[in-house]
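Residue numbers (the numbering used here), protein chains in the order written: chain A, 3 to 248; chain B, 43 to 275.
Among the hints, a few may not be true.
To be verified - To spell it out: a stretch of chain A is covered by chain B in this simulated footprint if at least three of its residues, at any positions, have a beta carbon under 8 Å from a beta carbon of chain B; those stretches are:
(1) 72 to 84
(2) 172 to 186
(3) 195 to 206
Unchecked claim - If you want a taste of the chain B side facing chain A, the calculated C-beta under 10 Å gives, among others:
(4) L101
(5) K239
(6) I251
If you are wondering where the hints come from, they were derived from the structure by calculation, not from laboratory data.
Note that the Cβ used here is the ideal one computed from N, Cα and C, for glycine as well.
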Amino acid sequence: MDFGLIIDSWPALMRGAVMTLTLTAIAVPAGLALALPLAVARLSHRLWLRLPSYAVIYVFRGTPLLIQLYLIYYGLGQFNAVLKSWGVWWFFRNELYCALLVLSLNTGAYTAEIFRGAISGVPSGFIEAAQASGMSWFTRLRRIVLPSAFRLAWPAYTNEVVFLMQATSLVSLITVIELFRVTKTMADRTFDIYTMYITTGLIYLMISYGIILLFGLIEAYLMRHMPLAPNARKTINQRALAVLMR
Amino acid sequence: MNLLDFSGYGDEIARGLALTLSVGVGALVVAILCGLLGAAGKLSHSWAAQKAAFVYTTLVRGVPELVLIILLYYGVPTAVQNVVRLAVPGYRLDFNPAVTAVVVIGLIYGAFMAEVFRGAFLAVPPGQMETARAYGMSRRQTFFRIHMPQMWRFALPGIGNVWMVLIKATALVSVVGLKDTLYWSGKAGEALFEPFKFFLIAALIFLGITFVSEQVFRIAERRASRGVARVRH
Numbered sequence: 003m004d005f006g007l008i009i010d011s012w013p014a015l016m017r018g019a020v021m022t023l024t025l026t027a028i029a030v031p032a033g034l035a036l037a038l039p040l041a042v043a044r045l046s047h048r049l050w051l052r053l054p055s056y057a058v059i060y061v062f063r064g065t066p067l068l069i070q071l072y073l074i075y076y077g078l079g080q081f082n083a084v085l086k087s088w089g090v091w092w093f094f095r096n097e098l099y100c101a102l103l104v105l106s107l108n109t110g111a112y113t114a115e116i117f118r119g120a121i122s123g124v125p126s127g128f129i130e131a132a133q134a135s136g137m138s139w140f141t142r143l144r145r146i147v148l149p150s151a152f153r154l155a156w157p158a159y160t161n162e163v164v165f166l167m168q169a170t171s172l173v174s175l176i177t178v179i180e181l182f183r184v185t186k187t188m189a190d191r192t193f194d195i196y197t198m199y200i201t202t203g204l205i206y207l208m209i210s211y212g213i214i215l216l217f218g219l220i221e222a223y224l225m226r227h228m229p230l231a232p233n234a235r236k237t238i239n240q241r242a243l244a245v246l247m248r
Numbered sequence: 043m044n045l046l047d048f049s050g051y052g053d054e055i056a057r058g059l060a061l062t063l064s065v066g067v068g069a070l071v072v073a074i075l076c077g078l079l080g081a082a083g084k085l086s087h088s089w090a091a092q093k094a095a096f097v098y099t100t101l102v103r104g105v106p107e108l109v110l111i112i113l114l115y116y117g118v119p120t121a122v123q124n125v126v127r128l129a130v131p132g133y134r135l136d137f138n139p140a141v142t143a144v145v146v147i148g149l150i151y152g153a154f155m156a157e158v159f160r161g162a163f164l165a166v167p168p169g170q171m172e173t174a175r176a177y178g179m180s181r182r183q184t185f186f187r188i189h190m191p192q193m194w195r196f197a198l199p200g201i202g203n204v205w206m207v208l209i210k211a212t213a214l215v216s217v218v219g220l221k222d223t224l225y226w227s228g229k230a231g232e233a234l235f236e237p238f239k240f241f242l243i244a245a246l247i248f249l250g251i252t253f254v255s256e257q258v259f260r261i262a263e264r265r266a267s268r269g270v271a272r273v274r275h
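Just chain A, same shape as in the assembly (with noise of 0.2 Å):
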C-alpha cells in the first residue's frame, strides 16, 4: 500500500465518491416512485394492468444490468436520425441521463418485487377492517396497506438500495465518471491497482454500512409503536445497530 498515493487521489476519489451518491441518491427515490404504481398494477385482478407490469419486471430482473446500459447508451446510437426527428436525441446522446434513466427502471423492477411480496403480506385482517370502516380502495391503499407493507418490505428494501449503490459502479462503463472510474484512472496511471482497488473497496464498505445504518435508523422509527421484546435493546441507536449487525 501507498500512501502517498492514497493522500495524492483523495480529492478525486471524493468527488468520484460524490457522484456515486448523487446517482444513488436520484435513482432510489426514482425507482422507489416507479415501483409502487408497478406493484400494485402486478397484483391487480384485471389482466391489462396485470400482464405489462409483470413484463416490465421480468424483463428487468432477468438481463445483467450492464447489457440495459449498453442497449441504451451505445445502442439507441444505431437510430440516431430517428431519435433526433423526435426531439428526444439530447437526452439519449447523455451518459449522465442515460446512466440515471437505466439505474432508476433496473432498481424499479426490482423494488417492485419487493413491493409486490409486501403487499401481499399484508393481514387480510387489516383491509377487510378498512373496508368494513367504509374506505374507499385507494384510501386503503395510503392508509392501510402501503405503510404495513414498507414495514414489511423495509429490510428487503434496504439490500436493494445496497445493491444499487454498488450498481452504480457500472455506469462508469458508459463512460460516467465516478468512484470507480476514478479509481480506474489513477490505477491505469500509476500501475499500483492494490492500492487504489483497496482504498476504493475500502470507501465503498463505508458508504455501504452507512446506508445500512442510516436505514436502521428509518426501521426503528418505523417500528416505534411495536412493543419491545422482552431483552430488546432500547434506545434507536441501540436498535439500529442490531440491523447493522444481523
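We have chain A; now place chain B onto it with these hints.
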C-alpha cells in the same frame, strides 16, 4: 431489424454463450463450496472461525462486484506469481483467465451462499439430530446422514436466487476481456453498425437463461420436497 439474422456472428455468439454458461456453472460450484465453509464458520463454536466468516461475508457484501473482480482478477495472480518467482527463480506460472474468473465470481457469491446455508442448517428441526444421537450415531454420522441431506431442501430456493444473480454477474467478465456472450455481441454490433440489435440479442439470451433456470429450480424444489406432506390451503 431481423433478430434471427446474425450476419455470420452466430457461431461466435454461440461460443460466447458456452463460455457464459461454463463460467456460471463453475462459479456456482465454487460458490457452494465457499458458502458451506462460510456457513460452517458462522455456526462454529470457535471464536476465530466465527470472526473469519464474519469478515469474509461483510467485506464481500459491502464492496461492488466490479471492484472485487478487477482487484482479484488482476491482483491475486500477480501476487501468486511474485511468490512463485521468489521461490523458483525464472519460473512463470500462468493463470487461465476463465478459471480465474470462475474462482473470483465463486468467491464473491460464496458470501451470499454462506447466509443461505446458515439459514438452511438452522431450519432442520433439532429433534432430527437428537433422535439420531439417541440411536447411537456419532456426531459425524449425524451430520452427514441426517443434518446435511435435509439441509439441501431448505437451501434450494436460496441457491436458486443466488444463481440468478450470479449468472447475470458473469456478464462483467467481458470487462476483463473474456470472450463471453456480451463480448461477442458487442463486437458484432460494432462491426455491423447494429449495436442495438446485437445487445438486444444478448439481453434475450440472458432472458432465456433466466426462464430455463426458473423451470429447472421449480422442478428441483418439487423433487426435493417429494417426501414432505403438502398442506392444502
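Right, here's what the structure says about each hint:
| no. | hint | verdict |
| --- | --- | --- |
| 1 | 72 to 84 | holds (count 8) |
| 2 | 172 to 186 | holds (count 6) |
| 3 | 195 to 206 | holds (count 7) |
| 4 | L101 | holds (7 Å) |
| 5 | K239 | holds (7 Å) |
| 6 | I251 | holds (8 Å) |
Of the numbered hints given earlier, the model fails none.
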